[in-house]
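Produce the entire structure from the sequences given, and follow the hints as far as they go.
Residue numbers (my numbering), protein chains in the order written: chain G, 1 to 396; chain Y, 397 to 519.
Hints are not guaranteed to be accurate.
[As the list claims (entries may be wrong)] Quick list of the computed label-pair ranges, beta carbon to beta carbon:
no.: 1; chain 1: G; residue 1: G354; chain 2: Y; residue 2: V451; range: 25 to 33 Å
no.: 2; chain 1: G; residue 1: G285; chain 2: Y; residue 2: H510; range: 56 to 64 Å
no.: 3; chain 1: Y; residue 1: H510; chain 2: G; residue 2: E25; range: 28 to 36 Å
no.: 4; chain 1: Y; residue 1: R514; chain 2: G; residue 2: D156; range: 34 to 42 Å
no.: 5; chain 1: Y; residue 1: S509; chain 2: G; residue 2: D327; range: 52 to 60 Å
no.: 6; chain 1: G; residue 1: Y199; chain 2: Y; residue 2: K450; range: 50 to 58 Å
no.: 7; chain 1: Y; residue 1: G492; chain 2: G; residue 2: T308; range: 52 to 60 Å
no.: 8; chain 1: G; residue 1: E329; chain 2: Y; residue 2: G518; range: 30 to 38 Å
no.: 9; chain 1: Y; residue 1: G518; chain 2: G; residue 2: D142; range: 44 to 52 Å
no.: 10; chain 1: G; residue 1: E134; chain 2: Y; residue 2: V473; range: 31 to 39 Å
no.: 11; chain 1: Y; residue 1: E429; chain 2: G; residue 2: V74; range: 40 to 48 Å
no.: 12; chain 1: Y; residue 1: Q400; chain 2: G; residue 2: A301; range: 44 to 52 Å
Derived from the structure by calculation, the hints contain no laboratory data.
A virtual CB, placed ideally from N, CA and C, is assigned to each residue, including glycine.
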Amino acid sequence: MTDPGTTDTGTTDTGATERRSPLDEVHRAAGASFTDFAGWQMPVRYSSDLAEHHAVREHAGLFDLSHMGEIIVVGPEAAESLDYALAGKLSAIALGQAKYSLLLDRDGGVIDDLVVYRTGEDRYMVVANASNREVVAEELRDRTSPFDTEVFDESDDIALIALQGPDALEVLQQTPGFGMQGPGNDEEDFVTALANLKYYRAIAAEYEGQPVLVARTGYTGEDGFELYVAPDVAARLWDALRETGGPRVVPCGLASRDTLRLEAGMPLYGHELGRDILPVQAGLGRVVALTKEGDFVGRTAIEQGPATDAPVLVGLAAEGRRAARADYEVYDGAGEEATRVGVVTSGALSPTLGHPVAMAFVAPEAAEPGRELFVDVRGTRVAASVVALPFYKRQA
Amino acid sequence: MTDQTELQYTEEHEWVLVEGDTLTIGITDYAAEKLGDVVYVDLPAAGTAITSGKVVGEIESTKSVGELFAPVDGEVVEANQAVIDAPELVNSDPFGEGWLIKVTAGTLPKLLSHAEYRALVGE
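Set out below in structure tokens:
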């Protein structure tokens with residue numbers, strides 16, 4: 001065997017000083033294996049990638065995402081400044097609402113994909129990928145400088161725990177110590193608020209008297225919650241969720257998070273998204289609010305659109321067990337004379353579906369659903385059909 | 397479960413059990429754990445000639461692909477059908493039911509002892 005330590009979880013070795021999550025001791029005590037993720041030592045798995053994956057689809061999984069970046073944009077013109085800085089119309093979202101958005105460069109390429117929460121009338125929290133935290137903070141500072149707005153990178157003061165899966169609501173409701181923020185609120189109010197919380201909405205709650213932003217968001221294709229808390233509260237909260245959920249709550253590493261998001265057809269920065277990719281190529285044209293008034297960074301390039309022959313993102317489904325993986329080449333035939341039509345960006349043997357799935361950028365003429373393509377899997381051409389994304393959709 | 401101290405090892409995280417001129421080859425628990433859940437193995441069929449240091453098979457987990465190197469010059473006499481059918485055996489019993497191939501070989505190259513291998517992987 002060659003280097004068995006190699007994992008493909010979208011990690012980037014930045015060469016930065018190794019950073020540790022506030023939950024690091026909890027993970028070590030639980031026997032986690034670690035991987036470098038944007039300079040952070042984060043759990044890649046605790047027991048088995050497959051067991052963790054299935055736990056999220058069937059019951060619930062607990063993820064530590066404390067490496068993600070949280071950047072606060074606050075001020076009387078916060079909404080307007082974000083309308084200019086980002087691709088979405090953030091002024092249109094209500095207090096307590098979240099929106100998936102993109103930070104574009106002037107050429108229309110994607111600098112990062114983000115989830116933006118409106119946590120106050122003039123206050124937003126922008127959640128960035130760990131590897132892009134600094135560039136996102138810098139761009140936001142730069143782009144909002146003409147506005148009456150301030151930008152604070154609060155990543156070091158915010159830990160993030162995700163509880164994902166069909167049992168997530170019940171477990172969170174049963175975990176003692178939660179209440180809504182503000183006087184006169186008790187656990188019952190929290191339980192009700194949680195039940196009524198819609199997808200991509202967040203509430204200001206408390207855990208043991210400490211503020212927690214509880215958001216019904218996630219990256220797994222399941223129902224679930226993301227909990228933003230102070231680092232010194234994170235370990236107690238993590239333990240409480242595990243204790244309440246018992247065997248229904250399985251700690252999950254970044255490896256299972258990657259197969260879950262792949263099945264759910266969700267793009268990963270550095271794989272399906274990057275500076276050389278326009279949103280529309282990745283199927284994210286709808287994320288760019290071209291109808292919003294005023295200019296925003298990247299507008300001209302987006303309106304111009306990509307070249308007509310620019311590759312587009314497709315789903316590929318294959319039979320058997322041999323998975324296509326990132327960087328494998330895609331051909332329009334099995335033979336020697338076949339033309340290369342694209343490249344795989346993410347791929348795995350889908351644990352839920354039992355067959356290989358992949359996302360790939362292919363030439364537009366090869367992108368129609370049902371089209372049979374061939375992936376070069378280490379010298380063997382494996383047939384794969386173009387299918388609509390996502391591969392997996394949970395039952396409503 | 398084979399007695400690990402009686403096995404020999406390669407730096408590529410394979411183990412070799414020598415019984416006369418027949419060698420049984422698998423990957424170590426260290427390699428299996430690092431790979432994660434093994435979901436596919438590709439092994440050479442009986443009769444295949446193998447050359448020391450050359451890739452003869454693949455062990456694919458949910459997250460990565462490992463290559464199986466031939467530790468010796470020889471000929472494959474059997475590939476483990478059980479592990480082809482149930483690749484998870486590589487994780488659950490790497491030194492036993494999860495063996496990969498049996499080969500015949502004339503001369504055995506210098507391999508690592510159990511103690512040397514454990515030192516290599518820092519255990």
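Here's how the hints hold up against the structure:
About 27 Å separates the C-beta atoms of G354 (chain G) and V451 (chain Y), a value consistent with the hinted range of 25 to 33 Å. Between G285 (chain G) and H510 (chain Y), the C-beta spacing of about 58 Å keeps the proposed range 56 to 64 Å intact. Remark: the range hint 28 to 36 Å for H510 (chain Y) to E25 (chain G) is upheld by a beta-carbon distance near 32 Å. Separation of R514 (chain Y) from D156 (chain G) is about 39 Å and conforms to the stated range, judged on CB atoms against 34 to 42 Å.
For S509 (chain Y) and D327 (chain G), the hinted distance range of 52 to 60 Å is not satisfied, since their beta carbons lie about 38 Å from each other. Judged by the Cβ atoms, the range 50 to 58 Å given for Y199 (chain G) and K450 (chain Y) holds: they are separated by roughly 52 Å. For G492 (chain Y) and T308 (chain G), the hinted distance range of 52 to 60 Å is satisfied, since their beta carbons lie about 58 Å from each other. Here the CB-CB span from E329 (chain G) to G518 (chain Y) is close to 37 Å, well matched to the stated 30 to 38 Å.
In this structure the hint that G518 (chain Y) and D142 (chain G) lie 44 to 52 Å apart at CB holds, the actual value being about 45 Å. Distance hint check: the CB atoms of E134 (chain G) and V473 (chain Y) are about 57 Å apart, inconsistent with the given range 31 to 39 Å. For the hinted restraint 40 to 48 Å between E429 (chain Y) and V74 (chain G), the CB-CB distance of approximately 46 Å keeps it satisfied. For the hinted restraint 44 to 52 Å between Q400 (chain Y) and A301 (chain G), the CB-CB distance of approximately 60 Å leaves it violated.
The structure shown violates the earlier hints numbered 5, 10 and 12.
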